[in-house]
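Kindly produce the complete structure, drawing on both the sequences and the hints.
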Amino acid sequence: MSTKLNRDDVIQNTVYDVYENYDESKSTVDEIILPERDKDKDPILDIRGLGIDFGGLTAVDEFTIAIGRTEIAGIIGPNGAGKTTIFNLLTKVYQPTRGTFLFDGVDTSGMTTTQISKMGIARTFQNIRLFDKLTVEENVKAAMHNEVSYGLASGIFHGPKYRKQEKAAHERALELLSIFDMQDMADYQASSLPYGAQRRLEIVRALATNPKVLLLDEPAAGMNPSETAELMNNIRKIRDTFGIAILLIEHDMSLVMNVCEGIAVLNFGRIIAKGTPEEIQNNPAVIEAYLGKKKEAK
Amino acid sequence: MKMQIKNGRLSPYTKNSIISYGLVIGAFVIVSILNSMGMVSSSLQGQLVPICCYIVMAVSLNLVVGISGELSLGHAGFMSAGAYTGIVVSGILETSGLPIYGRLAVAIICGAIVAGVLGFLIGIPVLRLRGDYLAIVTLAFGEIIKNIMNIVYAGKDSHGFHLKTNPDLGLEEGGRMLLNGPMGATQVQRISTFAAGFVLVLITLFVVQNIMNSKQGRAIMACRDNRIAAESIGLNVMKYKLMAFTVSAALAGMGGALFGLNYSTLLPVKFNFNTSVLILVFVVLGGLGNIWGSIIAATILTILPEALRQFADYRMLAYAIVLILVMIFTYSPKIKNFTQGFIDKNFKRKKPTAQTEGGGQV
Amino acid sequence: MIFLSNLINGLSLGSVYAIIALGYTMVYGISKMLNFAHGDVIMVGAYISFCGTAYLNLPAWASVILAMIVCTALGILIEGLAYRPLRGTGSLAVLITAIGVSYFLQNAALLIWGSAPKVFTSVFDKLGNSISLFDGELTITWEALFTLIAAVIIMVGMTLFTGKTKVGKAMRAVSEDNGAAQLMGINVNSTISMTFAIGSALAAIAGVLLCSSYPALMPTTGAMPGIKAFTAAVFGGIGSIPGAMLGGILIGVIEIFGRAFISSELSDAIVFGVLIIVLLVKPSGLLGKKITEKV
Amino acid sequence: MKSSFAKKFLVVCLAMVMVFTFAACGGSSEGGESEGGDAAGAVLKIGSSGPLTGGASIYGTAVKQGAEIAVAEINEANPDLQIEFKMEDDEADGEKAVNAYNKLKDWGIQMMMGTVTTGSCIATSAVTFEDRVFELTPSASSADVTAGKDNVFQVCFTDPNQGVKAADYITENMAGSKVGVIYNNSDAYSTGIFNAFKAEMEAKGGEIVAAETYPDDTNADYSAQLNSCKSAGADVVLLPIYYTPASVIMKQAKDMNYAPVFFGVDGMDGILDMEGFDTALAEGVMLMTPFNPWSTDENVASFVEKYQAAYNEVPNQFAADGYDGIYALYEAFKATGLGTDAANADICDAMIGQFTGGFSYDGLTGAAMTWNDKGEVNKTPVVCVIQDGIYVDQ
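Chains as they are written, first to last, in the working numbering: chain A, 1 to 298; chain B, 1 to 362; chain C, 1 to 295; chain D, 1 to 394.
Errors might be hidden in some of the hints.
Computed list of lysine to aspartate or glutamate pairs in EDC-like fashion (alpha-carbon distance at most 20 Å, straight line) [to be verified]:
#1 Lys165/D - Asp235/D
#2 Lys239/B - Glu171/A
#3 Lys161/A - Glu171/A
#4 Lys198/D - Asp313/B
#5 Lys45/D - Glu84/D
#6 Lys45/D - Asp80/D
#7 Lys212/A - Asp53/A
#8 Lys306/D - Asp278/D
#9 Lys306/D - Glu76/D
#10 Lys204/D - Asp168/B
#11 Lys289/C - Asp125/C
#12 Lys237/A - Asp252/A
#13 Lys149/D - Asp346/D
#14 Lys334/D - Glu76/D
#15 Lys126/C - Asp278/D
#16 Lys165/D - Asp393/D
#17 Lys167/A - Glu147/A
#18 Lys149/D - Glu275/D
#19 Lys15/B - Asp187/A
#20 Lys178/D - Asp235/D
#21 Lys126/C - Asp80/D
#22 Lys334/D - Glu305/D
#23 Lys15/B - Asp40/A
#24 Lys334/D - Asp80/D
#25 Lys156/B - Glu173/B
#26 Lys86/D - Glu68/D
#27 Lys374/D - Asp168/B
#28 Lys45/D - Asp346/D
#29 Lys149/D - Glu94/B
#30 Lys254/D - Asp125/C
#31 Lys86/D - Asp313/B
#32 Lys204/D - Asp150/D
#33 Lys306/D - Asp349/D
Simulated from the structure, these hints should not be mistaken for laboratory data.
Printed below as a string of structure tokens:
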């Protein structure tokens, strides 16, 4: 099980080389939905009873799950169930009213979005949020601000440190873009990209922050089946390449059921079921949440 | 969709930088040559230094409005901080035996430092606000700076430098009043030169354009384009906005010092809301984030009222009409669509889809 | 007594700011633009009213109506010619155009009416002496009284108008969501014109009241009250009608009190200082809606 | 794309403006007439700058109109020495004033009769000093205007001079009165008078019970300041300000039943001509003015008549200053014996010689005006009181 590859390997190997080494059958999910291979390690995300109220309205409540270090997990649920709110809580766009979560064993209470990002949570957005007027490459490089460490003086005078780090950043950005085969678009203005490419660029940008957990908010929205299929491969590829955990929100059931190892189903802000894809597919509560009770359906 | 981006193609920043430097250096050379041939009118000659100042002001404001995306209506406040600092410093050094250029340089540097510190201090509270609220608070700070300059009195004599909020400085015989409250600075020795202005413009271009093409510039523009996304990738939005604001204020201080030392008198009223707006007009007309656009707009709009003198009483009316028409002409979607075909034919870009580019919106 | 007298003056000045701020706030609410020419519409209103009484020998009330009609037309004209072509291009382009319009109005007024200040005859002139209380210790001018009353009436009227009438509701709809309102069959263009018309008519009233209290009328008369009223609108929470009222009155009172009790040299600095503090504590103004961006 | 369009447009604009400016600077677009004049050898080019637009334009316009009357008179009376007068707008802004002066320089200015407002004049006088162009300002009254510049002279009193004279008058003729002052603290003129007034009052033992200021804001509310004066018991209120705010102050004082004696300085002149002003409000106002349009003086009467015929208004002090400025320059220039083809520097030196060498001029704003080497004028101030809508000399 060679889940941990270093980056250079990926750029040279193709996705499929990586996948051939990956034994899918071994990834089973237990009650706290950690894949077998992550069981002996602490979960990267340990979310405990997270909840938030807006005014008097409870948007999310008692949200408790754990995510393994290399797990691909999914959150599904009907519209308005509070899925994106959970992402906003995990990235501290909102501060939770109740509960907390541990990231890599560290309590995140009171942290800001910026701190969370520094610790290693990166995300994409349901409604794409790129830096529209920057080029594709700059979008990626902007996210690499931690490794590009020169100060304002270097930024103004463009000294040797600037040149060295900018060169490295340029190479790294192209490398990351090449995951999605976007290196040729590096000089395009981000807003001029086609929709699908914009979604991919968001993922690349998130990866550029060197995350340990990647949160994808409806990555397949607006994609056609072949693009979705490609995306599925890419999600797995990213996990395998970078050895990170991925938590995604998605409405496309084929994607969720195919890619995710653990799934949590949310309705009215609460988890109504969690388990492996098979378990979820057969769970009556889930079916009810999606299709409604019979008497209400008519 | 392969494009001709690779080999040898200049990045857009490099290209724009070259245009900016080229414009400035070219204009300097041409004007200098014409001047040596005696072909520059006194009218234009007298405006060379102010033009340089306004270019510095416009380019520095562009850093805040265009590149950082925050509407500031108080830029003249920083200009005045720089101007008065420059005047005081130059006044103190008058007897120091420093050569004029040395004095000018020290005055400009001090102006930049004071304005920069002021920008930093003001930026901390101001940048917590957004959009039009930020605009009104910058306006307020600009007015407050002006108001405070009205009660500052400074002078020097053999006992050294005096600074008070009332005119009784108790200067001894032979002492000199440097700042005289609402009467501003008078008897300023005029030491600004076109060459100094030219150097200052180059410094400003160097600073702003290099920042744009650096980690800091990317971060500043990222915060402008999408604050939430910028936070999500770990950018400290406040820090970068403050950085842009402070650098811009410092540059404005430089421009102010040059401006202040170009006239024998300077009233605090000069740096009111109208001046801030004037500079903003340069920036918007030149194009947000477009540095060489700012240079051209600042130059034209400084010369324009003078060029319109022959319209006498109708001069400012004509200026207003030109301003409105130019805004409508360059920004109206309808007129843009009308001219789009023409432009596409002539200046086709190598971009995959023809979405509107930067310029217009905040 | 000094306190009371200053308070009354503050309320009166504040009421004028409030009426001007109402215009700012409505226009801002509906088109998200800072209409810097608003202050100059005030000046035009005052000039028209002045001409009405001085040259056409109209009674005071008729000259006010004339001023309102002319300003309404002017407001619609400005919106249609200068602002409409730029709709949807972002607020900054419109802002600069508004500044151009402001220059235009000031210089046109200069050419038409000359630079010599006109002394505006108060529309309440006929009412005679001011009200004297406490053995003449405290005097209240008719201008102060009527300005305050007018401001209250206008605010209540505008609140009812935007709340109850069809046009008012359309305005609110457009200011909430331009696109959606259009889909609902609201004519956005005419609604925005309507808003400018109302804002400009209010500006005419404000101009008359302003110049009744402070009678020197010049082409630059509207500029500073315009900026102050703009500040007031933001202070109270731009887009909010009661906010404009509250902001205007507070700015007026703070200005007068600052001048009377702290320092007349720094009264503007005090006004703007208070504004800054309020905005730092309540970033969207006293009664402004908190703007939340959906993530 | 659109911004590229904007850029193209700007470039075209720039090109146009450049062509414009260089064409104008080519030196002689307006030179046709002036060259003709030079050939005749009898045209003297006097330039001026002042606010012709903007808030202060009333002053610039008055100076311009007064000067034009003088120019017309001279040109009619003396065919051998014609005066060409040109006034540029400076919006009362130092920067624009220097621009205006430079424009005049391109036009071929030989002497400067300006600048009208103080701040602008300080800015231009530094430049005329360097260029050696003789400058006589009609109305810029700060001491800074002339300080350190031998080529600059004033037609009007200096601000400190007025402040001192006002204090002297009040302590001598209105002894024991409690004085309140309301002045514009962002205006050099107003502050200059006040500071000198205060110092002189202290020296003479007068009592200032309230000194109130207001910012530069044409429609400010003065009730707070008036309240302070009233509660401090001031029975004389000095208004070292221009007449526009003064008219508002008088109205507001009446509204609050406060009736002190208002004491104005020369800036108060003009208040009676304000359109719509209720002159009853100004009844009893005292003011120091060098010019009384209701004076029975023959020259004054003739000037007032011509002025009214030409511009349909009563001339104020600024108009008279402008008129005097042109005449003083003309007379002094004749006395130098120089031709109009003399170099500016020579004219300047000769004129300085005249002005500091006992040259005396009888003008509308004072008889037997003489100048000291500091550039200050020596003439007697007149204190008038307003009665029945006209000035009556005290």
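Evaluated hints:
1. With a CA separation close to 19 Å, the supplied pair Lys165/D and Asp235/D stays within the 20 Å bound.
2. With a C-alpha separation of about 27 Å, the suggested pair Lys239/B and Glu171/A falls outside the 20 Å cut-off, and the hint is violated.
3. Straight-line distance between C-alpha atoms of Lys161/A and Glu171/A comes to about 16 Å, which keeps the hinted pair within the 20 Å bound.
4. Distance restraint check for Lys198/D and Asp313/B: the Cα-Cα separation of roughly 40 Å exceeds the 20 Å cut-off, and the hinted pair is therefore not satisfied.
5. Distance restraint check for Lys45/D and Glu84/D: the Cα-Cα separation of roughly 5 Å lies within the 20 Å cut-off, and the hinted pair is therefore satisfied.
6. Taking the CA atoms of Lys45/D and Asp80/D, the gap is about 14 Å. The hint holds against a cut of 20 Å.
7. For the hint linking Lys212/A to Asp53/A, the alpha-carbon distance of about 28 Å lies beyond 20 Å, and the restraint is violated.
8. Of the supplied pair hints, the one linking Lys306/D and Asp278/D is violated, its CA atoms being roughly 26 Å apart against a limit of 20 Å.
9. For the suggested pair Lys306/D and Glu76/D, the alpha carbons sit about 14 Å apart, so the restraint of at most 20 Å is met.
10. Of the supplied pair hints, the one linking Lys204/D and Asp168/B holds, its CA atoms being roughly 19 Å apart against a limit of 20 Å.
11. Of the supplied pair hints, the one linking Lys289/C and Asp125/C is violated, its CA atoms being roughly 41 Å apart against a limit of 20 Å.
12. The straight-line distance between the Cα atoms of Lys237/A and Asp252/A is roughly 19 Å, inside the 20 Å bound, and the hint therefore holds.
13. With a C-alpha separation of about 16 Å, the suggested pairing of Lys149/D with Asp346/D holds against the 20 Å cut-off.
14. This hinted pair checks out: Lys334/D and Glu76/D have alpha carbons roughly 16 Å apart, not beyond 20 Å.
15. With a CA separation close to 14 Å, the supplied pair Lys126/C and Asp278/D stays within the 20 Å bound.
16. Proximity of Lys165/D to Asp393/D is assessed by CA-CA distance (about 16 Å); at most 20 Å being required, the pair is judged to hold.
17. Our distance criterion of 20 Å between C-alpha atoms is met by Lys167/A and Glu147/A, whose separation comes to about 12 Å.
18. Straight-line distance between C-alpha atoms of Lys149/D and Glu275/D comes to about 39 Å, which puts the hinted pair past the 20 Å bound.
19. Between the alpha carbons of Lys15/B and Asp187/A the distance comes to roughly 13 Å, so the proposed pair stays at or under 20 Å and holds.
20. Only pairs whose Cα atoms come within 20 Å are accepted, and Lys178/D paired with Asp235/D is accepted, the gap being roughly 6 Å.
21. Restraint check for Lys126/C and Asp80/D: not satisfied, since their Cα atoms lie roughly 60 Å apart, outside the 20 Å limit.
22. Taking the CA atoms of Lys334/D and Glu305/D, the gap is near 27 Å; set against the 20 Å cutoff, the hint is violated.
23. Restraint check for Lys15/B and Asp40/A: not satisfied, since their Cα atoms lie roughly 55 Å apart, outside the 20 Å limit.
24. With a C-alpha separation of about 11 Å, the suggested pairing of Lys334/D with Asp80/D holds against the 20 Å cut-off.
25. A hinted pair counts as satisfied when its Cα atoms are at most 20 Å apart, and Lys156/B with Glu173/B qualifies at roughly 11 Å.
26. For the given pair, Lys86/D sits about 9 Å from Glu68/D by alpha-carbon distance, which is consistent with the 20 Å threshold.
27. Note on Lys374/D and Asp168/B: the hinted pairing is violated, with a Cα-Cα distance of about 24 Å set against a maximum of 20 Å.
28. For the hint pairing Lys45/D with Asp346/D, the CA-to-CA distance comes to about 15 Å; that is within 20 Å, so the pair holds.
29. About 18 Å separates the Cα atoms of Lys149/D and Glu94/B, which keeps this hinted pair within 20 Å; it holds.
30. Restraint check for Lys254/D and Asp125/C: the C-alpha separation of about 13 Å stays at or below 20 Å, so the hint holds.
31. With a CA separation close to 14 Å, the supplied pair Lys86/D and Asp313/B stays within the 20 Å bound.
32. For the hint pairing Lys204/D with Asp150/D, the CA-to-CA distance comes to about 32 Å; that exceeds 20 Å, so the pair is violated.
33. Note on Lys306/D and Asp349/D: the hinted pairing is violated, with a Cα-Cα distance of about 34 Å set against a maximum of 20 Å.
Checked against the numbered hints listed earlier, the structure breaks hints 2, 4, 7, 8, 11, 18, 21, 22, 23, 27, 32 and 33; every other hint is satisfied.
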